[in-house]
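Engineer: Here is what each chain is made of, one letter per residue.
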Amino acid sequence: MKNKFLPEQLAEFEKSIAENAKDQAGLLKSIHLAQKVFGGVPVEIQRVIGKHHDASISKISGIVTFYDYFTSDIQGKNIIEVCVGTTCYVQEANDILKKVCEITKCEPNSTSRNKEFSVVIGRCLGKCELAPNVIINHKTHNKVTIDKVTELLKGI
Amino acid sequence: MNKIKLTINNQEVEVSKGTTILEAARSLDIKVPTLCYLKGISDIGACRMCVAEIEGMGLKATCNLEANEGMKVQTESEEVVKSRIRTLELLASTHTFECWTCPREESCYFYDYLQFYNVENTYHDDHKFMSNTRIINESTAITLDSGKCVQCGACTQVCAKIQTPATLDFNNRGIDTIIAPTSCGETLDDIACISCGQCSKVCPTAAIIETNHIKRVEAAIKDPNKFVVVQMAPAVRAAIGEPFEYPIGTPVREVEGKMYRALKELGFDLVTDTNYAADLTIMEEGTEFIDRVKNGGPLPLFTSCSPGWLRYIEQYRPEYLPNLSSAKSPHMMQGAFMKNFYAPDELNKDASEVYMVSIMPCTAKKYEIARPEMEQDGIRDVDAVLTTRELARMIKQHGINFRHLEDYKPENELAQYTGAGTIFGASGGVMEAAVRTVYEILEGEPLPNLDIHAVRGVEENIKEATLKLPKTGLEVNVAIVHGGQGIKKMFEILDKGEKEYHFIEFMGCPGGCVNGGGQPIVREEFMQGLDVAELRAQALYQSDKEDVEFRKSHMSPVIQRAYEKYLEKPGSHAAHKYLHTTYTDQSHKLK
Amino acid sequence: MDIKLLKKIKDDTLKRVGNKFDKDYRTNKEKEVRIVLKNSYVIDKDSIDEYIARDGYFALNKAITEMKPEEVTEVVKDSGLKGRSGGGFPTGLKWGFIPKEKGQKYIICNADEGESAATIDGVLMRQDPHSVLEGMALAGYAIGASKGYIYLRYEYPVCLEVLNKAIEDAKEKGLLGKKILGTDFDFEVEVFRGAGAYVCGEESAIINSIEGNRGNSKSKPPFPAVKGLFSKPTLINNVETLSVVPQIILNGADWYKSTGIPGSEGSKVFTLTGHLNSPKTVEVPLGITIRELIELGGGMRDNRKFKAFVTGSPNVTMLGSEDIDLPVAFPEFKERQVMVGSGGVVILDDKTCMVDFTHFNVDLLNIESCGRCTPCRVGTKRAAQLLEKIKEGSASLKDLDKLIELAEHLRTASLCGLGQAVGMTMHTAMNSFKDEFLAHINEHECAAGKCFK
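Chains as they are written, first to last, in my numbering: chain A, 1 to 156; chain C, 1001 to 1591; chain F, 2001 to 2453.
Treat the hints as calculated values from the structure; they're not laboratory data.
Since the model is a prediction, treat every value here as computed from it, not as a measurement.
Ideal Cβ positions, reconstructed from N, Cα and C, are used throughout, including at glycine.
Any given hint could be a false lead.
As the list claims (entries may be wrong) - Computed Cβ-Cβ distance ranges for the label pairs, DEER-style:
# : chain 1 : residue 1 : chain 2 : residue 2 : range
1 : F       : Lys2450   : A       : Ala18     : 49 to 59 Å
2 : F       : Val2158   : C       : His1124   : 28 to 38 Å
3 : C       : Asn1477   : F       : Asp2184   : 47 to 57 Å
4 : C       : Glu1069   : F       : Ser2231   : 20 to 30 Å
5 : A       : Phe5      : C       : Glu1069   : 54 to 64 Å
6 : C       : Asn1477   : A       : Ala18     : 31 to 41 Å
7 : A       : Phe5      : F       : Tyr2025   : 48 to 58 Å
8 : C       : Lys1161   : F       : Asp2044   : 21 to 31 Å
9 : F       : Asp2184   : C       : Gly1297   : 38 to 48 Å
Given only the sequences and the hints, what does the whole structure look like? Please build it.
Structural biologist: The following block contains the structure:
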């Protein structure tokens, strides 16, 4: 087992998903919760979810790897989401992404080695009039430029 | 029932409502290519090989499209063929071609289609179209090779729907999609797979195969310091002819002698037969049963010859482990008996010199020989397991013309057997063999009818019978369970505790060993899996009835001699040391 | 709750808010209309009373107290309303496909507004959540469903809060839940959060996702109308479609038809983005020309030349400058294999390289492909690689042929709309900008200066 979780944290989590298990549309809700509580859905947690939802670990793994907002590693302390949707792309969002990766020493869609940063590629955040957009720790920044994003990251 | 008329390739056909276009076409003997389709199990329509042109609808997958009144279908129009070729070109661009070393060289559906449609491998000329990183995920029994995978998903369906562990699924998305146990590199040993290998039998390519033991066997044969002994399981003889163009269900007597001869020619030093130890198993397991009946259980007694089933109970239902017979499976007994008694005593070979190879219809046996308990003083009971498929491949690689081989019959004691041993390969066979012996031991007189039809057949995954012992006054309720689905169901029945059973035969594969995960591959479009099991089982029952001198294990002179000379009596201290084993709770495995 | 109370809330609220509702946020009152966006930015999103004051839930009252379910469907059919999520399938027809037999049925509101540049569903859910809920309840009444899910894309956390509050408020007032408005009609709504997958805008993928599976698409038929969520008959409409239904029921089919042109009735909200002076969200009657839309967006940025009109990204389809006077309407677009899309419009200027733009989208679509069927899983990747070759200058005309062939294969042989639309993306790009592709291959010339680096 790579990851250690506090027993009380796990117990609390299990209690919450036991409710979801009764809901036929509950599986994704449980995975959402895991992502929120633990910052990721590693195999240990996948197993707990599978147990309650009567699903095999392979199935849970398949789901976790399908959706962009689920990760099988625990994400970093700071999550930076750079939108590279079409509108942002035509306004050079790729250059912003490159800059973010350079500053955080992080590949796109992964977590830096020091676990400080996770860089996520966003696919349209729904604010296209204000493109390009970057979300840093759940706060959206609009009309971002390379200079602006450098400033913003300095502030973390 | 409602009938529907439609035309396929200008031929009119009438089918029942709910029939798919694909099945309707098959009823007209129109061949529609498929990669991901398994009747009744998988019809996700993913591979796009089975497309046909349907008037007013364009190209549609036919495997999951229900026929409608008046539909006009073309399965071979220019458009359709062009589409299939493009699909195949795309699949080819992701494939690792190494056909000459590929275990599926002769049974690869993908290869057949590439050949049939004369597909040019256009994307291979340019490094730009590099395929994905090939990931080979090897476990003790089964190896997954992403480089050969066409992502049909048939394995995932068989595992989830037929066998129930659901230990394979799609991971990731887009071109990175991969079928794997998890996304984090776990092997099938790390998670609660049962190693049954049913996935390998539905794979259209070599993306799922048994973990190769040919190399280690070849090396052992070449090693002058090793005395290489081979044994083959009952079910192998029911199918070994198939790779050599014998029809499914060919009588045992037509191929068994050739099989022994082939083994001789491959260079094995001694050819023995697992059927011998199957008889031994009956003595041990039968005695254990009688003992449990007399001494208050625990009952029901579960058979223990199927390692897929062992993994199932250890991982999923360890609370039932006390019910499991402690008897090793036949080939493990054969290995232990050979190395510890027969070789030192009769052959003048030390256990450490003997290299034991088992030919098995099974992939899980590869896992079984690696179980930590399966050794004596550091010497493994069995050293390698070849599946029936691997044996056929070896025979072909050595240029042996199987069909023209002269029969050979090994003379050593460990190659002699009764009909009871033979039928181990069929679902219900272990139970039938056990009943023949248990009845006579308890009743002290011959069983009136040796053919116990109630326990035969593959239609139901749980079969039941009650055996009346008039003299002893006992009524023994037996059950036969095969396949993961049946096992799961049986545990639900046992959990409820409403019905009393005394003896239950469990087999991990549907249909038992004849349909094991290591048996030759039969294409879905030719026949359904269980029909194949039925035909192969018939061959074993026929052999039991017509080919052998003895049909009851306890009547076998060689078995009697084994007890007289080495083991004293079934369940003795020596028997326990060498022929029995222990089990552990494996419920911590990821599942 | 009954009609009397509803009227009282309306009157009281109107008195309270004064002239608040007279505000008009249109910049061009001639070209823009306010139907879908009737309440957006006008009412307080958190106030159910203000929604009621704008005739909210009166349509629901009218339907369940005065109309038979099939009459509701009939009105929607007559209005000519077509699905606003891209395909443009007639909404009333879709409702009519649901079997009449009693039993568990579901409504799913597709709020997985995955198309980049489309923001209208988000606006509606944030600004006018009750119109979505009322639309769902009307659909539920029409087809006999008692449960609705809003499949909300993960990226919209604000919508989640607003919708959940709106649902609570409506339940408290007896406008959702059991015995709505004192009748025997029950209807529950639950917001279900997606987790980030573009393909989950596809109907069967949504169903898989709610059921707790990978968001793979499934073969059709069987259509969701027959075998949908949890194998029950299911109606799936998008947010914009459902939110306009209350007004259609209240004002009648003819009223709705008076906007737009025959074959493309009603209005459509577009989010105009890209190389424009003032990117914005506008509601216009269908039939408006591309030129007019560009003008509404303040014209081309930096006075550059208009190059392409793009809808539906990343499943983009595009039109070039020769089509600038084409009306934005379903039949006209369909003829050119272009989708009206769900409202996202990207206007591109002549600094954009269309090969690069197509490559970007096709590459993205491979990442978004669910990976199930061969053409989409492998074909989109190979297409992206072929486009990359063109960008690098290593492609030949043979590669272009291969690309054309792949486009055709994707369009005809893919399992679901995503793969089929990639074929359309490639087709429309190579059709409208053929010269640019050829110039890249033959002359290694990229007018925008993006390629051959």
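Engineer: Is 28 to 38 Å respected by the C-beta to C-beta distance linking Val2158/F and His1124/C?
Structural biologist: Once the Cβ atoms are compared, 50 Å apart, the range 28 to 38 Å for His1124/C and Val2158/F is violated.
Engineer: Kindly confirm whether 54 to 64 Å is satisfied by the beta carbon distance between Phe5/A and Glu1069/C.
Structural biologist: 59 Å, holds
Engineer: Determine whether the Cβ-Cβ distance between Asn1477/C and Asp2184/F falls within the hinted range of 47 to 57 Å.
Structural biologist: At 53 Å between Cβs, range holds.
Engineer: Look at the Cβ atoms of Lys2450/F and Ala18/A and judge whether their distance stays inside 49 to 59 Å.
Structural biologist: About 54 Å separates the Cβ atoms of Lys2450/F and Ala18/A, which means 49 to 59 Å holds.
Engineer: Does the hinted range 20 to 30 Å hold for Glu1069/C and Ser2231/F at CB?
Structural biologist: 24 Å, holds
Engineer: Given a hint of 48 to 58 Å, does the C-beta separation of Phe5/A and Tyr2025/F actually sit inside it?
Structural biologist: Distance hint for Phe5/A, Tyr2025/F holds at roughly 50 Å.
Engineer: Starting from the hint 31 to 41 Å, judge whether the C-beta atoms of Asn1477/C and Ala18/A obey it.
Structural biologist: Since the Cβ atoms of Asn1477/C and Ala18/A sit about 37 Å apart, the hinted range of 31 to 41 Å holds.
Engineer: How does the Cβ-Cβ distance of Asp2184/F and Gly1297/C compare with 38 to 48 Å: does it lie in that range?
Structural biologist: Once the Cβ atoms are compared, 59 Å apart, the range 38 to 48 Å for Gly1297/C and Asp2184/F is violated.
Engineer: So does Lys1161/C sit 21 to 31 Å from Asp2044/F, Cβ to Cβ?
Structural biologist: Once the Cβ atoms are compared, 52 Å apart, the range 21 to 31 Å for Asp2044/F and Lys1161/C is violated.
In this structure, the hints that do not hold are numbers 2, 8, 9, in rising order.
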